[in-house]
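Number of protein chains: 2
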Amino acid sequence: LATDRIVVIGGVACGPKAAARARRLSPETEISIVDRGPYISFAGCGLPYYVGGTVKQLEELWTTKFAIPRDSKYFKDVKNIDVRTLTEAISINRDEKTVKLRNLANGEESDLEYGQLVLATGASPASPPIVGLGLERVFHLHSPSEAAAIRELIEADEIDHAVVIGAGSIGIESVESFFAHAVDVTVIERMEQIMPGLLDPDMATCLTWEMRKNDIEILTSEKVIRLESTEDGKVSKVITDKREIETDMVLLAAGVRPNVALAKDAGLEIGETGAIAVNECMQTSDKSIFAGGDCVECNHRLTGNKIYAPLGSTANKHGRIIGSNLAGESEQFPGVLGTSILKSLGINIAKTGLTAAECARDNIDYIETLTPSEDCAHYYPGGKRFLIKLIADRSSQKLLGAQLLGPGDVSKRIDVIASMMTFGATLKDISDLDLSYSPPFSTAVDALAQAANHTRNRIKGTAQAVTGEYLKEKTETSEDFVILDVRQPEEFKKSRIENDRVLNIALTELRAAVKDTFQDKEIIIICKTGLRSYEACRTLRESGLLNVKYLEGGLIMWEYLKA
Amino acid sequence: LATDRIVVIGGVACGPKAAARARRLSPETEISIVDRGPYISFAGCGLPYYVGGTVKQLEELWTTKFAIPRDSKYFKDVKNIDVRTLTEAISINRDEKTVKLRNLANGEESDLEYGQLVLATGASPASPPIVGLGLERVFHLHSPSEAAAIRELIEADEIDHAVVIGAGSIGIESVESFFAHAVDVTVIERMEQIMPGLLDPDMATCLTWEMRKNDIEILTSEKVIRLESTEDGKVSKVITDKREIETDMVLLAAGVRPNVALAKDAGLEIGETGAIAVNECMQTSDKSIFAGGDCVECNHRLTGNKIYAPLGSTANKHGRIIGSNLAGESEQFPGVLGTSILKSLGINIAKTGLTAAECARDNIDYIETLTPSEDCAHYYPGGKRFLIKLIADRSSQKLLGAQLLGPGDVSKRIDVIASMMTFGATLKDISDLDLSYSPPFSTAVDALAQAANHTRNRIKGTAQAVTGEYLKEKTETSEDFVILDVRQPEEFKKSRIENDRVLNIALTELRAAVKDTFQDKEIIIICKTGLRSYEACRTLRESGLLNVKYLEGGLIMWEYLKA
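Keeping their order, the protein sequence lines are chains Z and R. Counted from 1, the first sequence has number 81 at position 81 by this note's numbering; the numbering is strictly sequential. Counted from 1, the second sequence has number 69 at position 69 by this note's numbering; the numbering is strictly sequential.
Bear in mind the hints are in silico, worked out from the structure with no lab data behind them. Heads up, the beta-carbon is just placed ideally off N, CA and C, and yes, glycines get one too. Take these hints with a grain of salt, some might be off.
[As the list claims (entries may be wrong)] So the derived list for chain R, only partly shown, Cβ under 10 angstroms to chain Z, looks like this:
(1) Glu60
(2) Lys79
(3) Gly271
(4) Asp415
(5) Ile417
(6) Gly424
(7) Ser431
(8) Val445
(9) Thr467
(10) Tyr470
(11) Lys472
(12) Lys474
(13) Thr477
(14) Arg538
[What the hints assert, rightly or not] Chain Z is nowhere near these chain R residues, computed Cβ spacing over 12 angstroms in every case:
(15) Glu158
(16) Leu219
(17) Lys234
(18) Thr314
(19) Ala360
(20) Met421
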């Protein structure tokens with residue numbers, strides 16, 4: 001029956017998932033997917049990896065594991081789902097329960113009746129007010145055809161230098177794609193730091209350092225005004241409020257905006273974030289119309305606030321839940337934590353929950369700590385480093401968020417934290433977790449337990465820390481204080497803070513030396529990671545020296561400050 | 001004051017941790033550690049990796065990251081803790097609050113007063129009733145000196161063949177150590193399967209297959225009776241209830257037993273598992289005496305039962321909690337989930353919670369499912385496979401346990417499951433988790449969500465599965481049924497189940513073919529992983545064929561059955 005028909009608008013992630021799930025539960029129902037593009041069910045998140053060459057063939061992004069293209073024929077044959085590509089939904093008549101469609105190939109319009117409708121209209125790249133965005137070789141990285149065009153140009157040796165506008169996830173991921181082809185990259189971000197919203201300034205500084213180490217040019221607090229071209233219309237210059245940069249192409253990565261026009265025109269409720277508002281069952285303000293994926297807003301599981309956090313994994317979850325509900329089951333989506341991960345230039349970057357900046361904005365009494373960590377037992381070869389930033393509520397000691405960064409396995413740790421936060425876990429809960437341990441997989445005291453214990457010590461006051469920023473500012477004053485480096489002399493010889501206040505007494509010698517060496521001066525203790533200096537701090541305090549703190553994150557953080 | 005003194009018996013993991021934590025919180029207290037061995041604070045879990053050569057120098061197992069040996073001098077200088085090695089605690093006088101010590105170098109005995117005592121006496125290798133365990137070249141892998149002796153023999157080319165008695169974690173880990181030196185290995189296990197207690201039979205079969213693929217000889221349901229030697233006293237033959245095996249060395253890996261004699265003699269309560277009983281604060285039945293690490297039993301966080309689960313990570317947790325309590329804080333240990341991980345021959349094996357066998361024993365109405373999975377998006381190169389076994393309560397749908405196995409990253413997934421189980425998570429909670437997603441790190445629908453969704457479909461009845469064992473037995477009968485292989489013809493050509501009942505119709509052709517092909521016969525559908533056959537199952541059911549099931553785990557599990 002046409003009046004039972006399920007119509008899905010949008011065929012990338014949420015849409016096909018909803019349709020396929022509905023089909024498995026409702027064998028009889030007619031199901032149609034319409035999409036204005038030529039491809040459906042493609043892996044948008046894979047586009048940067050096609051540009052970089054990690055993914056060899058573009059087709060891989062829309063074929064199954066078994067090399068079958070997920071095209072209209074596949075959906076018809078396997079799932080008995082009718083797919084219309086190059087078909088735009090131009091309006092919804094909610095009274096008549098019809099969608100007006102336009103065939104983009106021939107311009108013909110038609111009405112399609114629906115019993116239930118799914119809006120999976122996705123998102124579009126944001127277009128900031130920059131003159132010249134229409135020039136040739138100005139790309140987003142949003143569709144397979146754009147990815148194909150970029151890689152073609154690079155492989156034709158047309159691109160020596162690329163400018164990336166926007167240092168969010170897509171922008172930073174694309175740096176790796178260009179780097180893989182030895183294309184020089186300049187990243188321009190109008191905020192004061194890269195990855196605003198995802199990373200706090202301290203972690204952003206670390207990432208900036210890692211990028212610059214690879215000769216990536218990072219420009220922050222800089223606004224692009226216009227793009228200029230050569231006579232043939234190809235972009236050749238980026239003009240910012242501070243300089244002019246010659247370039248062979250521009251990637252505009254200024255974030256995405258939900259595609260809500262269709263919903264808005266149909267009178268559906270748009271949420272405070274600007275995305276479509278849905279209830280827990282993913283229904284819009286019209287109970288016959290569901291919406292999911294990059295066009296809707298989500299509930300934040302920690303705060304209960306609405307957030308816009310478009311992501312392929314969330315879109316798939318939405319799809320399955322919508323499919324179940326279309327088939328008459330009652331399934332709810334509890335929301336997201338804002339978990340995010342990406343990799344660029346061998347550095348893995350992950351985040352979940354709230355940033356410290358968000359906590360400050362919401363007047364939460366939070367604590368933030370930095371703990372340098374390693375993948376596995378130090379005697380086991382091949383382990384890699386990473387840095388953990390934990391954010392917790394100071395009184396309840398509940399986890400509020402985490403940011404991890406480094407060549408090490410941050411993905412495991414961020415997933416554990418996200419799992420824990422789902423249940424309102426405290427720092428003590430993290431310390432107690434029965435995580436898997438064997439030398440190739442983790443340290444005997446797991447990195448997360450170390451970070452949690454460190455944070456608990458900080459809250460309790462047994463650990464008194466200063467940040468790298470604080471120490472840096474202090475070294476630039478004329479204040480009289482001691483920087484006590486407790487590493488072994490060999491380590492100290494290799495690299496150290498160059499400052500007259502620096503004194504090297506190894507932790508192993510400190511207890512014996514303590515009586516004679518120090519007056520009542522303020523002492524800031526440093527080591528490589530913060531671990532030995534914390535211990536040294538306790539030792540000095542035992543002996544009655546109370547004006548003693550340690551540099552959190554140690555020389556690892558100090559080095560990052562050079563970014 | 002001697003009456004405040006903290007005495008710690010045992011200096012490997014829990015003991016030094018407890019002492020160090022107590023020191024940081026109680027600067028004034030006298031703290032002593034006694035250990036009967038020559039080394040303290042060494043990484044026992046690293047011994048197999050020294051034997052295998054992954055860890056180059058034995059010293060690395062007891063030096064800090066900064067190459068400082070954690071010896072008596074280190075503990076004195078850095079932590080002001082008095083360490084006495086080669087010193088055995090022979091009895092405790094609880095009334096007098098003294099420990100009688102014997103100096104193993106000179107036999108001298110002395111009494112040491114304590115205010116609080118910590119028993120971290122560890123465990124010892126179990127010695128099954130086998131004749132000839134005293135022969136030369138019969139080893140455990142429990143101390144640095146044994147590890148050194150084994151590697152020395154191997155490097156002197158004295159060992160062509162080793163027999164490992166016991167296929168638990170240490171036994172299976174050591175297989176890799178021998179394999180690395182091209183030593184032939186025979187593993188003998190008296191139970192019907194390898195890794196009993198950690199893996200269910202189906203997963204043990206998979207691991208057996210992976211080992212045999214590498215020419216490791218695995219003998220199960222076989223009991224070692226005695227060891228025989230050449231004239232020079234070196235072990236040369238292992239005699240079992242089924243055969244004789246010539247060998248150059250024997251590794252006895254029959255598990256460990258808690259060292260409880262000291263506690264027992266002092267009248268402290270021993271628990272039902274045979275390990276020392278402690279309360280949540282890690283106190284024994286004498287409130288002045290704490291115990292932790294491999295000599296105590298733990299609370300199982302799911303069942304509330306007592307279990308004996310000795311592990312370095314748990315010992316460290318115990319140590320920290322004991323240290324806090326020694327210093328007057330009140331800190332509790334909630335227990336463990338029986339999480340375990342190891343790696344052997346490139347296969348990672350992990351487990352948490354209950355096995356299906358344990359659920360059956362406890363009369364729990366559980367479901368178990370197998371889901372073949374992959375590390376990351378299929379189009380992203382370098383992803384590795386792994387198999388997820390989930391066990392859940394059928395009515396509450398709460399997670400009860402998981403076993404993962406394969407070359408892929410099982411460590412991340414087992415840690416997420418352990419985190420979730422800590423909070424009593426359901427399968428739906430797993431489906432909804434906001435785990436980190438980006439193509440290099442996971443699939444858009446996370447492997448765990450896939451496994452959870454699969455399990456939910458099974459409980460709901462939308463997925464009807466058979467096991468490989470079931471199908472295998474059925475093919476050996478004369479029953480009339482169809483094995484429908486829905487993979488693409490190219491896949492089918494490469495490898496298939498060799499049986500007259502097998503019919504190949506690709507999933508993409510099935511819907512069109514269904515009307516003509518099938519009578520009312522029972523149909524068991526197969527594909528590579530179970531995913532396409534589940535979909536095919538739904539398709540056939542739609543068309544009214546109801547006697548249809550699919551092979552769970554697909555041809556991946558079928559292949560394993562050849563083990």
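Okay, the hints, checked on the actual structure:
no.	hint	result
1	Glu60	4 angstroms, holds
2	Lys79	8 angstroms, holds
3	Gly271	19 angstroms, violated
4	Asp415	5 angstroms, holds
5	Ile417	9 angstroms, holds
6	Gly424	8 angstroms, holds
7	Ser431	7 angstroms, holds
8	Val445	5 angstroms, holds
9	Thr467	22 angstroms, violated
10	Tyr470	23 angstroms, violated
11	Lys472	24 angstroms, violated
12	Lys474	26 angstroms, violated
13	Thr477	31 angstroms, violated
14	Arg538	5 angstroms, holds
15	Glu158	26 angstroms, holds
16	Leu219	25 angstroms, holds
17	Lys234	31 angstroms, holds
18	Thr314	7 angstroms, violated
19	Ala360	23 angstroms, holds
20	Met421	9 angstroms, violated
The structure does not agree with the numbered hints 3, 9, 10, 11, 12, 13, 18, 20 stated previously, though it agrees with the rest.
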